[in-house]
Amino acid sequence: MRRLRPVAITGMGCLCAAGLDLPTCADYLFKGKRFPAPPSRLAIATSPPYPVFEVPDPFFDATVLNHACRLRNSQLALMAVSEAIKDAGLDRRMLGAERVGICIGSSVDESIGNRALRNSVSQAEIPVITPDHRFVLSNPAVHIAQEFELSGPRQTVVNACAASADAIGLAATWIRQGICDAVIAGGVDELYQVTYNGFISLMNSDRTPCKPFDADRDGLNLGEGAGMMILETEELIRRRGKSPRAYVLGYGAASDAYHFTTPHPEGKGLRLAIVEALRAGGLKPEDMAFVNAHGTGTLDNDRIEAHLFHQMFPQAPFFSTKGYIGHTLGAAGAIDAVLTIACLEQGKIPRSAGFSTPDPELPVSPVSDVTAITGSIAISDTLAFGGNNSALVLGIEENGA
Amino acid sequence: MKATITGIGVVGGFGCGVSALEKAAAEGSGTPSKKFKICTTEVQADVSGFLADTTSLADFVTRKALRRIDHFARLALLGSYLALADAGLDENRRGRMGIVVATGYGSTCDTFDFLNTTLDEDDPCSSPIRFANSVHSAAAAHIAAFLGEHGPTLTINQYDMSVSLAFQTACQWLEEDRVDSVLVGGADEFSRAMGFYTQHLQPGRKSGPSPNDAIMQSPVGEGSAFFVLEKDSEERSSYAHVSSAGVTAMNGSPDAAPPETMMIVNPDSRRTAPQRGNTEYASFAHLYGSLPVGMAFDIALAAIMLKTGRRYPSGLAIDGDRRHETTPSRGVQGIDHRHIGCLKFGVAGDIGQVVLTSIKK
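Here the protein sequences come in this chain order: A and B.
Be aware that the first sequence starts at 1, since it is given in this note's numbering, and climbs by one per residue.
Be aware that the second sequence starts at 402, since it is given in this note's numbering, and climbs by one per residue.
In short, the hints are calculated from the structure, not lab data.
Cβ pair distances, simulated, as ranges:
| hint | chain 1 | residue 1 | chain 2 | residue 2 | range |
| --- | --- | --- | --- | --- | --- |
| 1 | B | G549 | A | A62 | 46 to 54 Å |
| 2 | B | D447 | A | V275 | 51 to 59 Å |
| 3 | B | S634 | A | A97 | 36 to 44 Å |
| 4 | B | V444 | A | K33 | 54 to 62 Å |
| 5 | A | A124 | B | S634 | 47 to 55 Å |
For every residue, glycine included, the Cβ atom is placed at its ideal position computed from N, Cα and C.
Please construct the entire structure, taking both the sequences and the accompanying hints into account.
Printed below as a string of structure tokens:
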């Protein structure tokens, strides 16, 4: 892996259980409170229900959009994209005049459309639409393109929980290789009955608020939301007279090649992904001001990350956002990416919610208080079903530390 | 663009492997391999399908190792093993290999089974294996695990644009030196739900196809087509260079291909190819059926034709605003094109295009 050019981020948007825009979400983390609750929109068979982190309603503002949109997944995406576009100082006319691509990570994208089809088939009814029509109606990238009349390529990455970190990494390549002038990159996932029951079936869900890296951790809580960013070419930024807000300095991805639902016991894929991301940015582990961990609260995931952080980033404090917003699956990498940049901008990281008792089997623990950080670069990592691991190195200065 | 196709692995209704595809293409015939009975509230019907047999996966892995692997992942695995064998790329030579899987439907059978248990029975203790296999990235993950590959693994699900985007990503990874080789391909499986869909398109139904529906020109298909891409190679055993790959503007025109490019068009579309000079159009969906990743089979045929210099009889060709049958009976002919482009007009308005160029001899 050779060193690659940094790619500028000019705008960001986020909504999740912590708030309906990025400033609110970032402030929420530093208040140290959290409000997991039983799902309000799902039919629940378990008693008591497993807590989740839902986006508070009403979150969707149809008045800012030109097109109607009924799917919650696309509504979440459109709200985050609208915020990112506004933050970047772009408007619809500017977007229409440039080659603007869309690269979105999601894990429930196709499943949502499948549910309607499944209902038709189970009732022996011929579906009212064909698969292609269903795709057009349910794909967030298509909805974003239609809403903002974008003419560039659209891509949906479905790498499970690493999907949106990968989407951002791929979008940076689109910019570097001149495929687009700008890319809307990020991820979205709504809370969905299939994943809710799926993680219960895997015995990976915690019946109480999740406790990442804690000795008593017992699994994850699901969440929902979207994180989006605008990546732009240097030429477009210069033409617009805009200053970048942050940079994608490095991206790495690697596979565990081990087991579908269990991470490699020594975190082989995650280590390779981190090494690749650092090399791509021409950076060293000690350049990292902090690590935004995947930190789901599952036994294996947290153990592997803690051991790797101890070996690779012994100097860097780390935390997990999952205790505040739950695990947002395909959106997690992007939400963590924009929150990582928000933390760099504020020069501090929040306490890792849910952590109180150090695990004697883990060599390091996350921060338990709001912690000041030094430096302008941080790393955010994700682990996913299938052994997909991704890492993004993000900075608020182009040349790093 | 710096990539060369050095190996191809295909499995579909035509059989398994490059030679089976060549044989079917040379004969110009495609016969759906299986029929399914569909009982709906409106009609009982036999649905024909180009269904794929993955039995020969046993040539590469033990049956025991496959016991938790569903049909969708088996299709992708078999295509992958065949492509690697065709390229002669063993693990000592492939360096850091990336894996990119394109799919339009994902693992539909396991997804529907899991949906049935969670939605009808509301069973929170439904099969964790079905849940795991229903995740779209399952096939890519199984490929990586079986091959022991630690490179980047990616699954793209942009319906009928998935294949061209997968090729674009594979070429970008090579360009950035992220990997030394890429295993890239597409896979989709047939499910009962697909059979129901075909009934939607039957003429005479009260709520038949709307202007938003693309028309399936062939019986439903399933299968996988995988490719080994390596950095530019002039080796005689290679198939072709990938000279461009990507998706062009929504409702725009395809990127300009080199002059005298033969175009293979996947016919499941509401749009048709623009008339461009003396461009020759062809289609081969009659060999593999109708599926979102059908373009991957077109790419395989384009690569084979450029390597062998043989042109196979086309099925339904799309030329300008007209669709017409060419003459499949004309048999195999010589090919004098240096470039073959594969085109797919997406249902959401975009255009996927992968252009191959022959290896200099």
